[in-house]
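There are 4 protein chains.
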Amino acid sequence: MKKIRISVIGGHAPSDECYELAYQFGKKAAEKDWQIICGGLGGVMEAVSKGVSEAGGEVIGILPSEDFHSGNQYLTFSVATGLGWMRNALVVMNGDVVVAIDGSYGTLSEISYAKIMNKKVFSLSSWDIDGVKKVKDLEELIREIEDFLNAQL
Amino acid sequence: MKKIRISVIGGHAPSDECYELAYQFGKKAAEKDWQIICGGLGGVMEAVSKGVSEAGGEVIGILPSEDFHSGNQYLTFSVATGLGWMRNALVVMNGDVVVAIDGSYGTLSEISYAKIMNKKVFSLSSWDIDGVKKVKDLEELIREIEDFLNAQL
Amino acid sequence: MKKIRISVIGGHAPSDECYELAYQFGKKAAEKDWQIICGGLGGVMEAVSKGVSEAGGEVIGILPSEDFHSGNQYLTFSVATGLGWMRNALVVMNGDVVVAIDGSYGTLSEISYAKIMNKKVFSLSSWDIDGVKKVKDLEELIREIEDFLNAQL
Amino acid sequence: MKKIRISVIGGHAPSDECYELAYQFGKKAAEKDWQIICGGLGGVMEAVSKGVSEAGGEVIGILPSEDFHSGNQYLTFSVATGLGWMRNALVVMNGDVVVAIDGSYGTLSEISYAKIMNKKVFSLSSWDIDGVKKVKDLEELIREIEDFLNAQL
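Chains as they are written, first to last, in my numbering: chain C, 17 to 169; chain X, 17 to 169; chain E, 17 to 169; chain R, 17 to 169.
Hints should not be assumed to be uniformly reliable.
Identical chains share a label here; the pair holds if one copy fits it or two copies do between them.
Below 25 Å or equal to it, Euclidean Cα-Cα: the simulated DMTMM-like pairs (lysine to aspartate or glutamate) are [claimed, not checked]:
{"id": "1", "residue 1": "136", "residue 2": "82"}
{"id": "2", "residue 1": "43", "residue 2": "74"}
{"id": "3", "residue 1": "18", "residue 2": "144"}
{"id": "4", "residue 1": "135", "residue 2": "146"}
{"id": "5", "residue 1": "43", "residue 2": "82"}
{"id": "6", "residue 1": "150", "residue 2": "33"}
These aren't lab readings, by the way, just hints derived from the structure by calculation.
Remember, it's a predicted structure, so these values are computed and weren't measured experimentally.
Isolated chain C, as found in the complex (with noise of 0.2 Å):
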């Protein structure tokens, strides 16, 4: 059976409070079995990355550039795009669930993807946008991804 995956999008420059909890959200997101996908570059990206790569998970980043070694040191596997920006609709595309975390309008480009592409979107300390649900903490992201997944079986 195909594992869930979980896109993981947020800031290149986060505070460090938003770092911990994407670095959280990878070991529990790894010891759940669930894959990651993610832009694969820093900030948020390398947080997650590196809190599954710890706990021996997968992860898998989606890069903007032509260059497949561009990603940051945690990927369990890189695909280079050569898109730019554009990558942004992939990274949300290869999701069965989207998590935003911290965040500016690449995160907000994300966002709206999501919903275009009708995800189910959670967002924790990101984008306060209508058809997306806020989480407050990590444990209630986590709750609401279990709550969301078992609804969908």
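The hints should help you fit chains X, E and R onto chain C, whose structure is shown.
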């Protein structure tokens, strides 16, 4: 000298009032010799194209499909992309200024890309997002665009 | 009625002879009221744009970069894509017929996409590929295009 | 250390002989611990995926559609792109070396992109293009790839 280009973004299914606003904006823009760039389809895209066309201006549609005949009937020129929703980035990439009228998540993705690309964005009856200038009516919109363009000279 | 569109593809660094062929083709195409679509940069793209421009026709450049000012000076209109070499697909997607003059692997990618999209492709001093019609000079090229277009009516 | 990646490109409807070649190449590649990148669909893509899968290796499919479930059943991991035929550029962008087996114009577009990106391309029962190394059988293919990789060290 190259003409000023205004990207107009907005919903597929606007209210009558927003359709009229986009149509009137198209007429005004053509009178000022601004080229209009849009997504080439229906709703706000059709309304602005119709306004431009009736006033003898130029409107270019950047289409999601691979078929360059798939645009609305008022376009001066259409460009097929085969990119689906990713063509949204191209719509704002090709304007000096971005105007949002009405719209849902597709429009939000375009606002996000416009901000990523450091474009000036005006919102008329559309999303209220940090970094986007809200205007209350057509007169204020035209005046704000002119002020912005004059400040660039 | 919409105008006939001809996509012209070819090399960045053509021989003087091929530059002249592209330039003369641009002039002829403008006289016949065909719109020219090209990649918007130098070499064969510049040559055909110059010919069209001098003859008062219309030539649209579909550019690889995100900057719509990055095209050659002869373009009637430019479209930025930010797609890099992937914009090659858009160049042929937007023509009714494709003409290759000179060219290397970029041109070969365009010929490939044209054939995938079931477009008619003419080759003048360019690649000799199954399914592509070789022509020996400008007169034969023009005649073959006209025969092809007449057969579509 | 990151694994060697081989992009395998080829036709949707290969002869039985070419299907078998791709399948056997997949098995050999997995034994050598090379990751395989392919277009994720049928024909040569399926054959190589099946070979890799049976030999316990890793094969990544880069898909044209927006649906990451649309790949063949043998993929270790799939990446949806929504790019249609433009995803061909991504298939070759993500390999250290490119192997063409059988194939038509889609494969030719991939060979073109591989050459634009200065990738080494091997052709087995596929296109005969300047700059592409023809090989006559599986043994020569494996030997040539190994010689090429060794020369990079």
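My question is about residue 43 and residue 82: at a cut-off of 25 Å on alpha-carbon distance, are they close within one copy, between copies, both, or neither? Answer is neither: 29 Å inside a copy and 28 Å across each miss the 25 Å cutoff.
Between the shortest in-copy and the shortest cross-copy C-alpha distance, which are at most 25 Å for residue 18 and residue 144: within, between, both, or neither? neither (31 Å within a copy, 39 Å between copies)
Have a look at residue 135 and residue 146 and pick one of within, between, both or neither, based on CA distance no larger than 25 Å. Classified as both; 13 Å inside a copy, 24 Å across copies.
Is it within, between, both, or neither for residue 150 and residue 33, if the alpha carbons may be no more than 25 Å apart? This pair counts as within: shortest intra-copy Cα distance 17 Å, inter-copy 32 Å.
Under a CA distance limit of 25 Å, which applies to residue 43 and residue 74: within one copy, between copies, both, or neither? both (10 Å within a copy, 24 Å between copies)
Up to 25 Å between alpha-carbons, please classify residue 136 paired with residue 82: within, between, both or neither. between (29 Å within a copy, 16 Å between copies)
Taken one by one, the earlier hints fail for this structure at numbers 3, 5, listed in ascending order.
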